[in-house]
Amino acid sequence: MAELLRLDEAVRELVHDGDSVALEGFTHPIPFAAGHEIVPQRRRALTLIRMTPDLIYDQLIGMGCAAKLVFSWGGNPGVGSLHRFRDAVEEGCPAPLELEEHSHAGMANRYAAGAANLPFAVLRGYVGTDLKERMPTIAMITLPFTGEIRTAVPAIRPDVGIIHAQRADRHGNVQLWGIVGVQKEIVLGSARSLVTVEEVVDELEPRPGAIVPPTWCVTAVAEAPHGAHPSYAHDYYDRDDGFYQRWDEISRDRDRFQGWMRERVG
Amino acid sequence: MSYSADEVMTVAAARELTDRTVCFVGIGLPSTAANLARLSHAPRTVLVYESGKIGSKPATLPLSIGDGELAETADAVVPVPEIFNYWLQGGRIDVGFLGAAQIDRRGNLNSTVIGDYDRPKVRLPGGGGAPAIAAMAKQVIVIIRQSQRTFVEQVHFRSSVPGSGAMVVITDLGELRLDPDERELVLTRVHPGVSVDQVRSETAWDLRVADELAEAEAPSEEDLRVLRELKSALGEAAV
Numbered sequence: 016m017a018e019l020l021r022l023d024e025a026v027r028e029l030v031h032d033g034d035s036v037a038l039e040g041f042t043h044p045i046p047f048a049a050g051h052e053i054v055p056q057r058r059r060a061l062t063l064i065r066m067t068p069d070l071i072y073d074q075l076i077g078m079g080c081a082a083k084l085v086f087s088w089g090g091n092p093g094v095g096s097l098h099r100f101r102d103a104v105e106e107g108c109p110a111p112l113e114l115e116e117h118s119h120a121g122m123a124n125r126y127a128a129g130a131a132n133l134p135f136a137v138l139r140g141y142v143g144t145d146l147k148e149r150m151p152t153i154a155m156i157t158l159p160f161t162g163e164i165r166t167a168v169p170a171i172r173p174d175v176g177i178i179h180a181q182r183a184d185r186h187g188n189v190q191l192w193g194i195v196g197v198q199k200e201i202v203l204g205s206a207r208s209l210v211t212v213e214e215v216v217d218e219l220e221p222r223p224g225a226i227v228p229p230t231w232c233v234t235a236v237a238e239a240p241h242g243a244h245p246s247y248a249h250d251y252y253d254r255d256d257g258f259y260q261r262w263d264e265i266s267r268d269r270d271r272f273q274g275w276m277r278e279r280v281g
Numbered sequence: 130m131s132y133s134a135d136e137v138m139t140v141a142a143a144r145e146l147t148d149r150t151v152c153f154v155g156i157g158l159p160s161t162a163a164n165l166a167r168l169s170h171a172p173r174t175v176l177v178y179e180s181g182k183i184g185s186k187p188a189t190l191p192l193s194i195g196d197g198e199l200a201e202t203a204d205a206v207v208p209v210p211e212i213f214n215y216w217l218q219g220g221r222i223d224v225g226f227l228g229a230a231q232i233d234r235r236g237n238l239n240s241t242v243i244g245d246y247d248r249p250k251v252r253l254p255g256g257g258g259a260p261a262i263a264a265m266a267k268q269v270i271v272i273i274r275q276s277q278r279t280f281v282e283q284v285h286f287r288s289s290v291p292g293s294g295a296m297v298v299i300t301d302l303g304e305l306r307l308d309p310d311e312r313e314l315v316l317t318r319v320h321p322g323v324s325v326d327q328v329r330s331e332t333a334w335d336l337r338v339a340d341e342l343a344e345a346e347a348p349s350e351e352d353l354r355v356l357r358e359l360k361s362a363l364g365e366a367a368v
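Line by line, the protein sequences are chains A and B.
Counted from 1, the first sequence has number 44 at position 29 by the numbering used here; the numbering is strictly sequential.
Counted from 1, the second sequence has number 307 at position 178 by the numbering used here; the numbering is strictly sequential.
Misleading hints may appear alongside valid ones.
Unchecked claim - DSSO-like, lysine-lysine: derived pairs with alpha carbons at most 27 Å apart: (1) A:Lys83 <-> B:Lys250; (2) A:Lys147 <-> A:Lys83; (3) B:Lys267 <-> B:Lys186; (4) B:Lys250 <-> A:Lys147; (5) A:Lys147 <-> B:Lys186.
Stated by the list, open to error - Quick list of the computed label-pair ranges, beta carbon to beta carbon: (6) B:Ser324 <-> A:Thr161: 29 to 39 Å; (7) B:Gly244 <-> A:Glu264: 21 to 31 Å; (8) B:Ser131 <-> A:Thr161: 17 to 27 Å; (9) B:Lys267 <-> A:Pro221: 46 to 56 Å.
It is worth saying that the hints were derived from the structure and are not from the lab.
Yeah, the Cβ is synthetic: ideal placement off N, Cα and C, and Gly gets one too.
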């Protein structure tokens, strides 16, 4: 059964130094509030996992929380670079960042294998790419039954999986709808899971297309209204495109970034 | 009506799309071109976005592939592992639109790093959906501005490599196609007012030119009107 906790308590209990942590949300609804709790709690040496690391990972990397990033696309969608991510990779500032890089298809399959409790996933893809040459987590295997050569990628089973959803009930059953991304796979594939929600309600009304991680496969639920901002929560609020555009300016300079984080996040 | 180099590219890319094609779209110029096609000559084009949307019909251009408008106007929204495994890898995608920072004569695309991978001069976002799209769509349309910096002898990192499908490259100067036998890009068309010499001087390798080189039609007033209306809602960010 999921425990209903305050967000700061939930992060303190679930996220430890050195953990592998996936704060997922494929563009919708990204768990910003949870990330903003990890920063002031000064977590260190995290392996951050995410298909599309965007602003919240830029912030965690820039504040020195991460030692490694497992990912497939690290940019500010429609705007450009993640400047703190670039600074870490190009200049080693504030600390060197180890990269484990995949394609979206590879990452999605790794998550699905994690949820399915399989050691690896098989897919077509990566043939002829330098990712295959560089990454020990991409291997060619000979298939049983046909003898064909295909690509294998290992399952991802994070220590902690964190997602944001619209609602939970008081028992900790969660309801998420709109773009559901890889959130189900993260909850099911992680050793511990935290779901932040816009609101806790007495009863969950059924929603078309919703996924409902039941309370018995979630470790903790924390209420975090507006917790996906500046990304969005379908049927609650829209994406704050202006903030994504302003982030380019805020994050470009190390000092300005640090000042902004201290003032807004802690 | 006068037009910019980006507008020429976008209109040319849109014209590559025939009606009723199923099109896997990334954000930026590809999304602009695909939506322009849908709002002009190819109304039954099906737009598929990697965040899981099938059949999106946005009225304005989204800044992000996850934009709510794309989900609300879609026929279906499916999980991300499904969009890549069942729909793309399953062979349901006719056309994949891609951008890149560099391309080479073999049609290899780099969107990962400028310089060495371990000590990059510029760290770019990475391959994202592109490696799988390049390998698995029946046809790939690449949109990229042409210069010595982007049309390089060898890409610094092979992020995406063309599969067995056809590849068309639309630039601000013209159009190139991957010769299916030689697996080399060949200049097949130039935009109005562009010379072959000009295209050659913006290409870092000795460019092959088709025997029957065509000149592309200039963007029509109607194309430009629809395109500008599409973009006006968002301003320059979506360009």
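Now for the hints, and whether the structure bears them out:
For the given pair, A:Lys83 sits about 20 Å from B:Lys250 by alpha-carbon distance, which is consistent with the 27 Å threshold. Pair hint A:Lys147 plus A:Lys83 holds up; C-alpha atoms about 19 Å apart against a cutoff of 27 Å. Under the criterion of a C-alpha separation no larger than 27 Å, the hint pairing B:Lys267 with B:Lys186 is consistent with the structure, at around 22 Å. The hinted pair formed by B:Lys250 and A:Lys147 meets the criterion: a straight-line CA distance of about 21 Å does not exceed 27 Å.
For the given pair, A:Lys147 sits about 36 Å from B:Lys186 by alpha-carbon distance, which is inconsistent with the 27 Å threshold. Hint check: B:Ser324 to A:Thr161, Cβ distance near 51 Å, so the stated range 29 to 39 Å is violated. Range check, B:Gly244 to A:Glu264: about 25 Å between beta-carbon atoms, so the 21 to 31 Å window is met. Between B:Ser131 and A:Thr161, the C-beta spacing of about 57 Å breaks the proposed range 17 to 27 Å.
At roughly 39 Å, the beta carbons of B:Lys267 and A:Pro221 sit outside the given window of 46 to 56 Å.
Hints 5, 6, 8 and 9 from the earlier list are contradicted by this structure; the remaining hints agree with it.
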